[in-house]
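Undergrad: Spelled out from the first residue to the last, the chains are:
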Amino acid sequence: MKTYRVEGWTALGDPTRRAIFERLAEHPWAVGDLAGELPVSRPAVSQHLKVLKDAGLVVDRRAGNRRIYQLDPDGVGALRAYLDQFWSRALAAYKATVEQRIEEDS
Amino acid sequence: MTTQATGTSVLKSIVVEAPIERAFSVFTEDFGSFKPPEHNLLGVEIAETVFEPREGGHLFDRGVDGSECRWSRVLAYEPPDRVVISWDIGAQWQIETDLEKTSEVEVRFVSEAPERTRVELEHRNLDRHGAGWEGIRDAVGSEGGWPLYLGGFAERVS
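As you go down the protein sequences, you meet chains A and B in turn. Residues in the first sequence are numbered from 871 upward in steps of one, following our numbering. Residues in the second sequence are numbered from 2 upward in steps of one, following our numbering.
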């Protein structure tokens, strides 16, 4: 089977995956509990988690009959992905600030 | 906005409709107005963010109670072309005092037209923060072994 490795910042381009990632930054979650927190189906959450896992951002483990996901504590990938989002938001807000000022001045 | 990612850095580029001098001055003087609000290591609300406009200066947040948090050093200040700041925030979402474990952010301003500027941002050497992660992981154990750094962010988002 062919697999695609997705870069972390691409994986976090999707708002639902970003929401899942931010939940996982709080603490580890079981798939079913995550699905209960978000307005998406459990199969959709599983699919998003698979993308995050393939991107090296999260790891999973089995606990009884539940599967627990958490951010990958080993890699720098999760930090990089988060900072990528951080600077995206900062620069978008910066652009708005710069261009708004010009309107005010003119 | 364009994005590239390499192993240990984040690269961003954005074009703003403003002259290069304004693009530079807003980025430095108004940093506090556009940085994401969860970027706060103080225990209280931030009253202002100060960007000291000189090499050797600091970026610091001042809380409403007067407390201060210096989370960055100005490594290069070359208006209107370039500014480099350090990222002195450690893996436990605390000020990193070991400068070997800090990363840095370079911002370059390139004039594309009299009223248009491209801003290129590179946050590099992220692996330097990684040095502390192993110890944290061991301390926290596998059960809660997520990066506390991100947990700190997340608390402030929510």
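No wet-lab data here; the hints were simulated from the structure. All values reported here derive from a predicted model rather than from experimental measurement. All C-beta atoms, glycine included, are put in the ideal place defined by N, C-alpha and C. Keep in mind that the hints are not guaranteed to be accurate.
[As the list claims (entries may be wrong)] Quick list of in silico lysine-lysine cross-link-like pairs, DSS-like style, CA-CA up to 30 Å:
| id | chain 1 | residue 1 | chain 2 | residue 2 |
| --- | --- | --- | --- | --- |
| 1 | B | Lys102 | B | Lys36 |
| 2 | A | Lys923 | B | Lys36 |
| 3 | A | Lys923 | B | Lys102 |
[Claimed, not checked] Computed beta-carbon distance windows for the label pairs:
| id | chain 1 | residue 1 | chain 2 | residue 2 | range |
| --- | --- | --- | --- | --- | --- |
| 4 | A | Lys923 | B | Asp128 | 18 to 28 Å |
| 5 | A | Lys920 | B | Pro80 | 41 to 51 Å |
| 6 | B | Val16 | A | Arg937 | 18 to 28 Å |
| 7 | B | Ser112 | A | Thr886 | 37 to 47 Å |
Undergrad: Against each hint, give a clear statement of whether it holds in the structure.
TA: Now the hints, each set against the structure:
1. Lys102/B <-> Lys36/B: Cα-Cα ~22 Å, so holds.
2. Lys923/A <-> Lys36/B: It holds: about 29 Å lies between the C-alpha atoms, which stays within 30 Å.
3. Lys923/A <-> Lys102/B: Distance ~27 Å between Lys923/A and Lys102/B Cα, so the pair holds.
4. Lys923/A <-> Asp128/B: 18 to 28 Å: holds, 22 Å
5. Lys920/A <-> Pro80/B: 41 to 51 Å: Distance hint for Lys920/A, Pro80/B holds at roughly 47 Å.
6. Val16/B <-> Arg937/A: 18 to 28 Å: violated, 43 Å
7. Ser112/B <-> Thr886/A: 37 to 47 Å: holds, 39 Å
Checked against the numbered hints above, the structure violates only hint 6.
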